Structures are given as structure tokens and as C-alpha cells.
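The listed protein sequences correspond, in order, to chains A and B.
Under the UniProt record's numbering, the residues of the first sequence are numbered 1 to 81, in order.
Under the UniProt record's numbering, the residues of the second sequence are numbered 1 to 828, in order.
Don't read these hints as lab results, they were simulated from the structure.
Only a predicted model underlies this, so the values are computations on that prediction, with no experimental measurement involved.
Mixed in with the good hints there might be a few duds.
Stretch by stretch, here's where chain A covers chain B in the computed footprint (C-beta under 8 Å, at least three residues) [claimed, not checked]:
no., region
1, 255-266
2, 318-328
3, 421-430
4, 452-464
5, 524-533
C-beta: ideal position from N, C-alpha, C; glycine also.
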Amino acid sequence: MAYNGLTVPLIVTNVFSGSVRFCVLWFIPKGPNRGVTITMLVTCSVCCYLFRLIAILAQLNPLFGPQLKNETIWYLKYHWP
Amino acid sequence: MGSMFRGEEVALVQFFLPTPAAYTCVSQLGELGLTEFRDLNASVSAFQRRFVGDVRRCEELEKTFTFLQEEVRRAGLVLPPPEGRLLAPPPRDLLRIQEETDRLAQELRDVRGNQQSLRAQLHQLQLHSAVLGQGHHLPLAAAPTDGLLERSPLLQPPGGPHRDLRVNFVAGAVKPTKAAALERLLWRACRGFLIASFRETEQQLEDPVTGEPATWMTFLISYWGEQIGQKIRKITDCFHCHVFPFVEQEEGRLGTLQQLQQQSLELQEVLGETERFLSQVLGRVQQLLPPWQVQIRKMKAVYLVLNQCSVSATHKCLIAEGWCASSDLPTLQQVLQGSSSEAGVSAVVHRIPCRDMPPTLIRTNRFTASFQGIVDAYGVGRYQEVNPAPYTIITFPFLFAVMFGDVGHGLLMFLFALAMVLAENRPAVKAAQNEIWRTFFSGRYLLLLMGLFSVYTGFIYNECFSRATTIFPSGWSVAAMATQSGWSDAFLAEHPLLTLDPAVSGVFLGPYPFGIDPVWSLAVNHLSFLNSFKMKMSIILGVTHMTFGVVLGVFNHVHFGQWHRLFLETLPELIFLLGLFGYLVFLVIYKWLSVSAAGAAAAPSILIHFINMFLFSRSPTNQPLFPRQEVVQSTLVVLALATVPVLLLGTPLFLRWQHRRPLRPTGRQPEEDKSGILDDSDASVAGWGPDEEKAGCPGNGEEAEFVLSEVLMHQAIHTIEFCLGCISNTASYLRLWALSLAHAQLSEVLWAMVMRVGLRMGRELGVAAVVLVPIFAAFAGLTVAILLVMEGLSAFLHALRLHWVEFQNKFYLGSGYKLSPFTFAEED
Chain A
1 MAYNGLTVPL IVTNVFSGSV RFCVLWFIPK GPNRGVTITM LVTCSVCCYL FRLIAILAQL
61 NPLFGPQLKN ETIWYLKYHW P
Chain B
1 MGSMFRGEEV ALVQFFLPTP AAYTCVSQLG ELGLTEFRDL NASVSAFQRR FVGDVRRCEE
61 LEKTFTFLQE EVRRAGLVLP PPEGRLLAPP PRDLLRIQEE TDRLAQELRD VRGNQQSLRA
121 QLHQLQLHSA VLGQGHHLPL AAAPTDGLLE RSPLLQPPGG PHRDLRVNFV AGAVKPTKAA
181 ALERLLWRAC RGFLIASFRE TEQQLEDPVT GEPATWMTFL ISYWGEQIGQ KIRKITDCFH
241 CHVFPFVEQE EGRLGTLQQL QQQSLELQEV LGETERFLSQ VLGRVQQLLP PWQVQIRKMK
301 AVYLVLNQCS VSATHKCLIA EGWCASSDLP TLQQVLQGSS SEAGVSAVVH RIPCRDMPPT
361 LIRTNRFTAS FQGIVDAYGV GRYQEVNPAP YTIITFPFLF AVMFGDVGHG LLMFLFALAM
421 VLAENRPAVK AAQNEIWRTF FSGRYLLLLM GLFSVYTGFI YNECFSRATT IFPSGWSVAA
481 MATQSGWSDA FLAEHPLLTL DPAVSGVFLG PYPFGIDPVW SLAVNHLSFL NSFKMKMSII
541 LGVTHMTFGV VLGVFNHVHF GQWHRLFLET LPELIFLLGL FGYLVFLVIY KWLSVSAAGA
601 AAAPSILIHF INMFLFSRSP TNQPLFPRQE VVQSTLVVLA LATVPVLLLG TPLFLRWQHR
661 RPLRPTGRQP EEDKSGILDD SDASVAGWGP DEEKAGCPGN GEEAEFVLSE VLMHQAIHTI
721 EFCLGCISNT ASYLRLWALS LAHAQLSEVL WAMVMRVGLR MGRELGVAAV VLVPIFAAFA
781 GLTVAILLVM EGLSAFLHAL RLHWVEFQNK FYLGSGYKLS PFTFAEED
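Could you build the full structure based on these sequences and the hints that come with them?
Given below as C-alpha cells:
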């Protein structure tokens, strides 16, 4: 994404996913497994969110760049925008 | 929360069963399957128990059943599974069943015996007719001398008393394996005085014992001389040959042959009848046996339980004790009322206070069962301890997926598991006996989640069969770098490897929104970036997981009312863990956020900072990450070191102080029941309780016996384990990095060495297509074998270890036992 920085994508995704999760929690059927289902959803969202966050943060300010072969550079010069 | 959060409340109940109705009550309880009976007669040997005679009768019946079953199996029939719900029969039916069974068994034995003897007779007849029927071309009519001369020219029939020209015959049959030996022995023993002719039977005769067709060798020995005859007979006896009388004349033989044939026809008819009767009997057995087996098994189980009850003083009722979930108590009472209504006096069940640790009961459905199984494999939780299973449902597949991340492989695993889940109710699938298949099948929900999470982490790692995808446009612009640095084509031709510099404007456009940027898969130095990313990721995930574990311990302390442990153990533990390793995580994240490409050359090294933090030294070349970093670090280290003595001495000293308090009455009340760990609050004497295995020793319920040294010892062990464990466990989480690296490299190698070879084939039409078929087969086979099975098992194992050791040793003891209720359900 051609966004210089983290703020916009992070805010958008956070708000979006947070609201989705909140809504989903209201729709859990009230069976004997309600507690387990809620635990599962919460744990799942925390794990996945954390993982994606780590991936984004690690690439936010790269200290070095990729070392490419000259053939690759030739190709990418024209193929990628 | 649902009952999986911690085990259910289990109560010790006492049954008063009126003697006439005791059997029915226990049988009904077995059908319910809710209570686990305790053995009240543990000191009595098995032979002295009250119902030992009934148990023995049941066992004898079971032996007969086994015999019947064996007979049915021998006849090649199958016992149909019993239908419907069969209750344990009342004791008076036992006699009837016993009689019928014995009768059936006897009939079967008789019929079988008859069949055997008839068969043996038939076999003899057949052999005889074969022996007679086969023409042994001996020149019988010819002069014996000529014949003899032909065979044994060396021997002249000597004159004198040996001149006995009457030729006698010995005819019989012998097994082909022994025929050669027999011939040789005959020749050696009676050289020259006999002519033996061996012939194989034309048809195969059925062996009466094994029922297999076998060929026999018939022989006809013509000899002369009485002594020779005796020798021959002895030899044939040795070889267990069947010898039959041989009539010289042709007509005589024919007559005998006809007789034999008639006899064998009759015999075969009788045999047919016998076998029809046998199949009738077997049919009856097939019908009657399966329900009897179930009933007798239940009856035996009931008697075994009744043996565990003690008899009340008045001999009017049996007393039984058992464990059962508190919520099931009303059901129990109802069932007992129902089953003892005809006895007049109704059975009673009521709760009694328990002294020992109750068993743990956690109800699971087929989805949660496999995860609970994983946790239980390490150790069943203590009574009412926090159960790690509901969190394991997600964290286990997640940690597996971190080590296995690949969209393609994850998808394959997910589809395989999905197929198993959708087909789980098919009877063919349920009846499969292959053990490996059953292992996979019982873990199908586990595999499903593992595959799903692997797809997710595959997207984050941007790997699909080791190929990256550009779902979003990459955040690195090669064109910008090329124009800014003047990378003309000539320049590129000279330099085989060039690096993109993020400090140059326009080269780095921003972080890839979902995962790792695809440009890294094209880069030669992608491992440098990935290693750094994955190591830091492992540390962050590890510290989070462990902190979660410590926090779960809070729930245990609150539930058992051990508030002091909250402040004297959990708080210092959290400070230690978060102060040191939480700070490390903070450093990692701070560096990610604050240090940019512009300052890349002078970027501080977290590792050196961390080392210096412990050594209280500094390296001049390493820039601080934030102002006053050294002060912060020193404070944290001092704080962490200060928590160690609190951990070590806090709880023991508090417990000691608690004992010295004059508030005896309130302190003693829960200790009224004798020793042992109670499930309710204030196990003050056993305050170190859940930590300690030998909980039986808290001094016979007397608070005065509070052994400080033991408590100190246990607390010291716990402290050392925790503090050293923090360091080693954090490093242990680096296996997340190691295994994901291995997986990525393996799949990269497989692609490069196998598929790429096929895809780079010549441009001629058809060559590549033909070559790709075996290459793809090899690729697919190796993917499944190495990457899915081997790597999958490896990642599974390591994820399991991370849960069992690093996560669970922060809060879980796992030293309980499961509630195994008395039930008639078949365990297989």
C-alpha cells in the first residue's frame, strides 16, 4: 500500500475488526457451549490480530532492503509499478 | 462460563440400598453411568466377598460363551450384534440361562464329535478304495521268479527252506513326504525280497482333522517270506501308514471296492445329516448368544459392584459409597426411587462430606474431547483446578500453524480433515480397525483447526507451496531505486546482485498490509530479514503465552481462597516475568516503531542492550533506544531481583505467622475432617497444598505440626523453577522460529529441485507436458510424505511440548484423577 506510515491502515482495520467481533459476540447461540464458544472467539481474534500486528510492525521501518539479482531487477523495473 | 473452565463439583454420596432391591438399583445406576463406586471392602480379598459365588457363576458362563463363540467362528459364521437395550437379568434368570447354555454346548460338542468320527471313517474308506483302485502294475500273474529276477538280478532265490514262493502283499497308504524314506528303509531292510510300488492318489482326499485336501501315496509291496512280512509290517507301523488287506484276485478286489464305495456313499449321507444338524444348532447359538453375552457381562459387573458395598448392621440393606457430580444428584435419587419401589423400602442416596480429593469431571462433546484429551495426556487436573483446555482449542492450532505456515499445505490438511468430519457418521468409517487411521480420525477436529490456522499464517508468511503471491501491490519499488541510483542496463549487466536501499526516497512505500512483502521471496537475503522477524515474533508470542499462564493461576488462587498467594506469588512472578522479558518485548516493539532507515547505520542492538542490562555495564558504541534507558533498565533488574526473596520466603513465612495467630477456632474449623486436601477454602495447613504431592502428611489434622523446613523447601524449588524457567522457557519458544524456517526451506527446496525442473523444460510442445506428469507426481508425493506428514507431526509435537511445559507449568498441576463412572458401555 502506498501509505507512508501505519496510522491509516491500522485504524481502519482496528475499528472494523473490533466492531465485527463485538457484533458476533451478541449472536452466539445460548447453548451449554456458550462459554467455550466465546472463549474460542476471543482467543482466536487475539492470536490472529497479534500475529498480523507483529508482521506489520516488523516491516514498518525496514533497516535494510532486499538484495535482488540483476535479472529480477530488469524484470521488476518494468513489470511492477 | 461453561463447565470446561474448571471441573464440575463432585460430591461423595452414600447409598442405602435395601437388600432385595440392591441388584436392580445397581443395575439401573449402571445404565445411567453417573457415579463411580468406591470400594468399601478393600481389605477383604476377592475370595471372601459376599457375592463371589455369583461372580464365579457368571465367569463360568462366560467361558462357555467363549467356547460357543469359537465354534461359530470355526464354522465361518458371524455373530450378529445384539439389538435393543438389554438390562442385566434378575438373578433368577441366571439359572435358566446357565441350563440352556450348557445344553447348547453339550449338543454342539456331541455333534462335533460325531462329525469328526464320521469324517475319519470316511477318510479310511476313501484311502482303502484308492489303494485298491489304483493299479499297481506289477506282473502279478507272471511268475514271481521272473519279476524278482528283473528287480534283483543279484539275488537268486535260494533253495532249501527259504524256497517259499508264495507271494504276499501289503497294501496301504502313506503320506507323500514319508514315501521316499519308507521306500529307502524297505529296500535297506528287506533288500531283494520285496517289490514295492508307490503311486500317488489321483484325487485329493480331505484330511479329517484339518479339512484340507491332501494327496496320499498308495503302495503295494509284494514280498515272500514270513520274516520279511513281519519286518515290513513293523516298518509300516513305524511310519504310521494305513495298511489294508489286499486280495490277490482281481475279482475279490473289485468286490471289495464295490462294497467300500457303497459304504462310503452311506457314510456321506449320514455325514450330510450331521452337518445339517450342526448348522441348525449353530443357527440357534447365533440367535441366542449375543444378547446373553451382553446380559451376563452386565450381571457380572453388577455383582462386582455389589461386592464393593458393605453390609449394614441390621443386614437389611447394603451401604455403598461413590462419587458423582452434584448436579446429577436429583437424577440419581429419582432413579433409585423408581427401581426400588417394589421392595417397599426405597433406596436412599445422600451426600456426605468428603475427606479425600474428589475426582475431576469435565464434560466434553466430540469437538472439545480431542483438546481435553491433549491436556489430560499430560495429567488430569486436580479437583476444581483451572482447565487449560478451552484456551488450548485455539492456541494449540495457532502455535502449530506458526510453525507450519503455508497456504497450500494448510489447505490440504484442512480438506483432509473436512472430509473426515463430514464422513464421521458413516458406519464404514466408524468400524475401521486400522490403528493409524483411527488416530487420525479421532483427531479430525484438531486437524481441521490446525489446517485453518495454517492457511491464515500461510497468508501472513506469504507462502503457498513456498511461492509468494502479490495480493496487494508490493511496498518496494524497484523502478524508483533504479531511476534514483542510475541503474542502467549496462550497470545491471555488470553487477549480478544489487540491494534496494530504503533510505532512498520512493523505494519503500509502506508496510505490506497483510503479511510479509512478496519482494522478499525474490530476494537473495530474504533469510536475514525473515530470521529477525521470526525470532522477535517467537519471543513476543512466548512472553504473551507465559503471561497468560501466570494470570490463569490467579483464578486458582481466588477459587481456593488462597489470597496470600496472590500477593506473595503471582505478583512477584508477574513482576519478574514482565520486568525482564516484558521489557525485552517492549524494546523489540519500540525499535520497530522508532528506528527508521535513515538511522539504520547507527541502529542500536537489542541483544547487546539486554546483556548489558544484566551485567550493569554499557557499550559505548551501542546507542540507547530512548533517553534514560539505563536508569529504567537498572530499576527493572533490581526490582526483579527483589522479587526473588519475596517468592522464596513470602508464603512460608506467612503460613508460619498464620499458625502462630491466636485465632484458633476459625482456623481449625475446616480441618475438622481428617487429613487430606479439601476442595474448599483455607487449606491453611495444606496451604502449600496444590504445590505439594505428598499432601497426606499435614500432620493428622493437627495444626501444630507445621513443618517450616518442608514448606521452605517446596517454595525454594518453586522459585528456582520459575525464575530459571522464565529464561529457558522464553528461549524455548524460539522453536517457533526454527521450525517455521525448516518448513519454509524444505518446501522451497522441493519446489526448486522438483517442480522448477519440470517447468523449465524446453519450449517444444508436448515435452514439458509429458515430463510434468511424473514430476508433479513426485512433487505431490514428497509434499505429502515430507512436508505434510513429517513436518506436521514435528510441529504437532513441538506445539504440544510448548503447551505442556512452558504454558502449563505456570499454573497447572495435573495431579488429579478422572471420574470413571460405573457404566455398562463397552470400552474398546
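Here is how each hint holds up against the structure:
Restraint check on the region 255-266 of chain B versus chain A: 0 residues with Cβ-Cβ distances below 8 Å, three needed, restraint violated. Restraint check on the region 318-328 of chain B versus chain A: 0 residues with Cβ-Cβ distances below 8 Å, three needed, restraint violated. By the rule of at least three residues with a Cβ nearer than 8 Å to a Cβ of chain A, the coverage given for the region 421-430 of chain B is violated, with 0 such residues. Chain A is given as covering the region 452-464 of chain B, and this holds because 3 residues of the stretch bring a CB closer than 8 Å to a CB of that chain, at least three being needed.
Only residues whose C-beta sits within less than 8 Å of a C-beta in chain A count toward coverage, and the region 524-533 of chain B has 7 of them, enough to reach three; the restraint holds.
Hints 1, 2, 3 from the list above are not met by this structure, while the remaining hints are.
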